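Given the sequences, and given the hints that come with them, work out the whole structure.
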Amino acid sequence: MKNRKVVMTFPPHLIDEPVTYRLIKDYDLRINILKARVVPREEGRLVIELGGKVEALKKAETYLADLGITMEPLVREIAFLEDKCVHCTACIPICPTKALSLDRKRMLVSFQNEKCIICGLCVPVCPYRAMDMLHTDDK
Amino acid sequence: MAKTIAEINQKIKEGKAVVATAEEIISIAKTDGIKTAAQKIDVVTTGTFGPMCSSGAYFNVGHSKPKIKLGGGKITLNDVPVYTGFAAVDILLGATALPDDDPKNKVYPGAFNYGGAHVIEDLVTGKKVRLMGTSYGTDCYPNRNIDTLISLKSINDAVLFNPRNCYQNYNVAVNLSDRVIYTYMGMLQPNLKNANYCSAGQLSPLMNDPLYLSIGIGTRIFLGGGEGYICWPGTQHNPTVPRSRGDVPRSPAGTLAVIGDLKHMNHHWIKGVSLTGYGVSLAVGIGIPIPILNEDILRYTTVKDRDIYTQVVDYSEAYPQGKTESLGEVNYAQLKSGKIKIGGREASTGGLSSYAKAREIATILKDWIKSGRFFLAEPVANLPGPKNMSNPAP
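First to last, the protein sequences are chains P and R. Take the first sequence: its letter number 6 is residue 16 in the working numbering, and every next letter is one higher. Take the second sequence: its letter number 356 is residue 1807 in the working numbering, and every next letter is one higher.
There may be inaccurate statements among the hints.
Derived lysine to aspartate or glutamate pairs resembling DMTMM-like cross-links, with alpha carbons at most 20 Å apart [unchecked claim]:
1) P:Lys-94 x R:Glu-1572
2) P:Lys-115 x R:Glu-1811
3) P:Lys-94 x R:Asp-1573
4) P:Lys-108 x R:Asp-1553
5) R:Lys-1454 x R:Glu-1746
6) P:Lys-115 x R:Asp-1758
7) R:Lys-1644 x P:Glu-52
8) P:Lys-94 x R:Glu-1811
9) R:Lys-1790 x R:Glu-1780
10) R:Lys-1787 x P:Asp-113
11) R:Lys-1790 x P:Asp-113
12) P:Lys-115 x R:Glu-1475
13) R:Lys-1644 x P:Glu-53
14) R:Lys-1578 x P:Asp-93
15) R:Lys-1525 x R:Asp-1483
Worth flagging that the hints you see were computed from the coordinates, not collected in a lab. Bear in mind that the values here come from a model prediction, so they are computed numbers and not experimental data.
Structure representation (structure tokens):
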């Protein structure tokens, strides 16, 4: 048995494919969806933990690759370095999931990690380098 | 009844000055009316905190033993080159200066994680900075190499100087092309997806004194957490642009040159900025007090975000090619709502100037004045205005 945390990126036309169902039914994998973003006609992202037999995991990877789904190990996490943030709001229009949001009355930026899909767009956009991509070990 | 700056200073001294921020004055004037508010309020405080590339600092670093003539030599601070064309140990550091080995945009878009502005921030934070370089040696300054650590404490003088800051209004930047572009207004997504603006709007100093009736050369200001002064009109000062009712410019107009002692500043208000694909800049916190000398001056301070209009400019074509085309006008209330409409299309808005920090600065300056820590200075000359574009005149 083996466990892997991965980030899957789906091309827009695959939205209707029941990928997680196939992974469970056909490959007998234990799956745990950590984060997901699925929007019609847009690229989808899924942060997912896959567990199963080594052979089954390999076959599942081939199935996913054949569909055009790219899979990267989850080695990253976004950190919001609050003491560096000056609340300029440059990140607000860039964040696709509103993990970075703005209290418009107080004009203060906040970050909700559970909404973040680790797309990384905010990292170069922040002029104060308050968004950091943390790299963890790929196990 | 008109007041004078001397009278207001007397009230500050006695702890009796009545001060409001440029936000608070809006509701005060609505409740009390302009006439009563002008009598009641002595000072309105403004604030702004945004990147301004036209920033820098000069230093007198003191002498080594044996002495070296940095003037005319090649000197760096934390690998960032400084200008040495002054006397033996006077050097000038520009905010946008980059280390020689920075790849810049050769690896596009460049990250620009460290430059002159970050050296200034490091010094203000209290960090030691490495001064290195070579010079040619003279009879009186025989040393030819230097490699030492300096800090704000160890050097004689450290002066922040902005040839231009406090822009009175600024463009909203958008991108009409089909590729991402990286500008000094931040990253702009293709096809008008986002729109970036850079002004504190109703809190911004020159928006509250649009005709420069009280703000002038010699005005004492909050600068980077310390005290500074307006020393000249800023570069590109252009008061003759079209204005709305209420005399507020509808495009970038007036600017200020400001100066102050870096040793008294605070790293909360002096921050290096990395604009991906563009370069390094310095964010400087500035707050300017407006003495309420008469009703006209007060009326101008009641300006609201929804009354301040600015131009939407395409930074993929019009701006780089120097075409003065506007895609339309929007106001700051719309910009702060998160969405604007340009030609029927919706764009999400983002800022570069921090409204939260501007508000904090206006509040700090208000507290300084109320507690008798900060006194107003009488300007010694006026800034050129829309009808008087000559040099500063008394």
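Here is how each hint holds up against the structure:
1. P:Lys-94 x R:Glu-1572: holds (12 Å)
2. P:Lys-115 x R:Glu-1811: Cα-Cα ~14 Å, so holds.
3. P:Lys-94 x R:Asp-1573: holds (13 Å)
4. P:Lys-108 x R:Asp-1553: Not OK: Lys-108 of chain P and Asp-1553 of chain R at ~33 Å, beyond 20 Å, violated.
5. R:Lys-1454 x R:Glu-1746: holds (10 Å)
6. P:Lys-115 x R:Asp-1758: holds (18 Å)
7. R:Lys-1644 x P:Glu-52: Satisfied, since the Cα-Cα distance of roughly 15 Å is no more than 20 Å.
8. P:Lys-94 x R:Glu-1811: holds (16 Å)
9. R:Lys-1790 x R:Glu-1780: holds (14 Å)
10. R:Lys-1787 x P:Asp-113: Judged against 20 Å, a Cα distance of about 11 Å means the pair holds.
11. R:Lys-1790 x P:Asp-113: This hinted pair holds, its Cα atoms lying about 14 Å apart.
12. P:Lys-115 x R:Glu-1475: With a Cα-Cα distance of about 14 Å, the restraint between Lys-115 of chain P and Glu-1475 of chain R holds, given a limit of 20 Å.
13. R:Lys-1644 x P:Glu-53: holds (17 Å)
14. R:Lys-1578 x P:Asp-93: holds (17 Å)
15. R:Lys-1525 x R:Asp-1483: It is violated: about 61 Å lies between the C-alpha atoms, which goes past 20 Å.
When each numbered hint is compared with the structure, violations occur for hints 4, 15.
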